[in-house]
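Chemist: Based on the provided sequences and hints, a complete structural model is requested.
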Amino acid sequence: MAIAIGIDNVSRHFGPLRAVDGVSLDIKAGEFFTLLGSSGCGKSTLLKLIGGFDAPSAGRITFDGKDMAGIPANRRPVNTVFQGLGLFPHMTVAQNVGYGLRLRGLRGKVLDDKVAEALELVQLAGFGPRDVNLLSGGQRQRVALARALVMEPGILLLDEPLTGLDEGLRQQMRDEFGRLHKRTGATFILVTHNQDEALSLSDRIAVMHAGRIEQVDQPQRFFDQPANAFVARFVGIEALLRPETVERHGDEGIATIAGQKLPVKLATTAQSGSTVIAVRSDRLVVGDGAAPLPGATLTVVESVFRGLHRDVKLAFADGQTIVVAIPADRDIPAVGAAMKVGMKPGAAIEISSSGMPEAG
Amino acid sequence: MTRDEPFARFVVWTLTLLGFVAIYAPPLYLLGVSFNPSLQPGLPSPSEATLHWYAALAGERALLAALWHSLVIATGTAVAATLLSLLAALAYVELHARRATWFLVVVLPMFVPGVIQGLALSTILTRTGIKASALTVMAGHLLWAMPFAFIVILTSFAAVRRSFLMAAADLGASRWQQFRDVTLPLITPGLVSAFIFSFLLSINEFTRAFYLAGRQNTLPVVLFGKMNAGASPTIYAMSGAIFLVSVLCVGAIAVRALLRRPQR
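Chains as they are written, first to last, in my numbering: chain D, 1 to 360; chain P, 361 to 624.
The set of hints was computed from the structure by calculation and includes no laboratory data.
There could be a bad hint or two in this list.
[Stated by the list, open to error] Label-pair ranges, simulated between beta-carbon atoms:
1. D:S57 / P:R458: 14 to 24 Å
2. P:A617 / D:K182: 45 to 55 Å
3. P:A617 / D:L199: 49 to 59 Å
4. P:R458 / D:G168: 45 to 55 Å
5. P:P545 / D:A55: 39 to 49 Å
Keep in mind it's a predicted model, so treat the numbers as computed, not measured.
A virtual CB, placed ideally from N, CA and C, is assigned to each residue, including glycine.
Modeler: What follows is the structure, given as structure tokens:
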């Protein structure tokens with residue numbers, strides 16, 4: 001049965017390094033939850049703490065409300081697909097998959113049937129007697145998955161499981177994870193640095209940075225309402241503008257940037273400290289459609305051919321820039337020309353400037 | 361490059377052959393000598409070759425007793441060295457920051473000359489009133505063999521990746537089960553090598569045994585004594601027999617390996 005996980009103010013320090021720094025999270029039973037971040041952000045350390053391979057320096061981890069402190073990995077209802085897979089090289093595929101069940105005391109036909117069923121689940125039926133060392137990368141991946149899933153865990157941890165596979169296999173295995181999540185109903189926790197993986201699979205995502213969680217939300221919310229400048233940049237919203245002023249009217253506002261007034265969506269939570277305006281390039285309109293929309297008139301700085309489209313960099317009077325994509329077959333805008341950019345609702349969002357790189 | 365090839369081949373093969381001659385000629389000569397009926401060492405003519413001295417071996421009580429003694433000591437040493445080195449290697453894997461120190465401490469006896477170690481041990485044993493026996497020789501040989509066994513076993517630990525043990529723990533294995541099901545099978549080749557290595561080191565050892573043996577000397581000590589006494593050529597027969605048995609053992613292992621290969 002799926003298990004809910006409570007992470008209550010958990011920290012893990014290695015000497016002066018705070019790998020995980022006061023993280024609190026509630027992961028629902030049966031959820032597909034992803035810890036997303038670049039390497040060194042603490043996501044793998046947090047996963048090890050959940051799996052019981054490491055103990056927190058402070059804080060509490062609970063499974064369905066039960067405190068897991070002092071319970072080692074081998075007695076937790078958790079199974080893991082490790083980054084390096086950790087397949088036992090001296091065992092066949094079937095022995096690898098059946099190892100956990102043998103430890104539970106299963107033998108003979110019951111064991112064989114369960115192993116065969118698990119191999120079928122990952123589309124490796126009949127691979128039982130094979131040598132694990134002679135399998136392809138994707139097949140090894142599936143064996144590791146089968147070995148974890150055959151235990152019918154309440155929680156399945158996936159530690160960068162797709163790293164090192166080629167693109168075709170990544171796609172295939174990604175679909176597999178989604179299918180297996182539905183099929184088993186277990187709580188899945190995926191650790192990855194790959195945004196595509198996170199966005200396409202997850203019910204919710206936590207973006208981590210420097211041992212802390214920057215934002216926990218459903219995938220599309222990271223684009224509608226990124227928590228701060230770090231998250232916005234992380235999900236690919238590159239255009240972050242510093243406004244001169246922001247006038248507030250309920251949850252709508254008018255930001256002034258280099259003298260031009262732009263409608264912005266205000267943060268739902270009251271923002272303390274300085275804010276920046278994140279601009280979603282997918283909600284910008286140029287050319288004929290731009291005229292009726294509110295927006296700004298900017299100067300063309302450069303245009304770069306990108307294959308299916310052309311990136312045009314546009315500058316405000318104070319030098320801040322945004323990039324808009326125009327179809328590749330459109331006329332190349334002249335550098336120095338003025339261009340009207342229309343903004344659809346939600347194109348500009350006021351967010352906390354936390355994580356904003358220093359201007360310069 | 362291609363033009364040099366015949367010459368390069370010639371040099372390589374000549375050196376290889378010279379090497380083999382240097383290694384195998386002396387024991388083969390000794391083997392030949394053991395078939396010589398005369399009392400003087402020398403190669404027999406094929407018509408004279410005899411198994412006389414091999415037959416006489418059966419009557420050499422002293423030599424046989426020494427051989428048996430050496431085998432017992434070597435077996436004891438090999439068992440103890442393998443087990444203790446396994447424990448030492450497990451400790452090494454668990455220690456993180458102080459690994460280098462631990463490694464040095466375990467390996468250090470290897471660098472103490474046998475004469476000094478033998479003398480030191482025998483002095484201490486006399487002082488404490490422990491009688492020299494097979495056990496004291498084993499103690500000396502353990503100090504000699506264990507560093508080698510330790511290094512051999514440690515090398516085999518490279519096959520045991522951290523992720524294997526984590527995966528086993530993840531699947532419910534206790535520390536003991538991780539050791540039994542993952543570590544042990546993966547390091548078995550290392551344990552076998554360490555055992556054979558320790559056995560050979562012990563059976564060959566002279567200096568420490570010379571100091572530490574009680575009433576019954578080991579084979580190398582007895583052979584050395586007999587040689588100086590200029591006594592019967594049975595010592596050549598004994599050497600020849602040991603050489604033949606070694607060759608048979610290695611041959612058997614090689615044949616077994618050859619027969620096994622196609623199965624994989």
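Chemist: All the hints need checking, so say for each whether the structure fits it.
Modeler: Now the hints, each set against the structure:
1. Here the CB-CB span from D:S57 to P:R458 is close to 23 Å, well matched to the stated 14 to 24 Å.
2. In this structure, P:A617 and D:K182 meet the distance hint of 45 to 55 Å, their C-beta atoms being roughly 50 Å apart.
3. Separation of P:A617 from D:L199 is about 54 Å and conforms to the stated range, judged on CB atoms against 49 to 59 Å.
4. Against the hinted window of 45 to 55 Å, the Cβ-Cβ separation of P:R458 and D:G168 comes to about 47 Å, which satisfies the hint.
5. Between P:P545 and D:A55 the C-beta distance comes to about 29 Å, which lies outside the given range of 39 to 49 Å.
Checked against the numbered hints given earlier, the structure breaks only hint 5 and satisfies all the rest.
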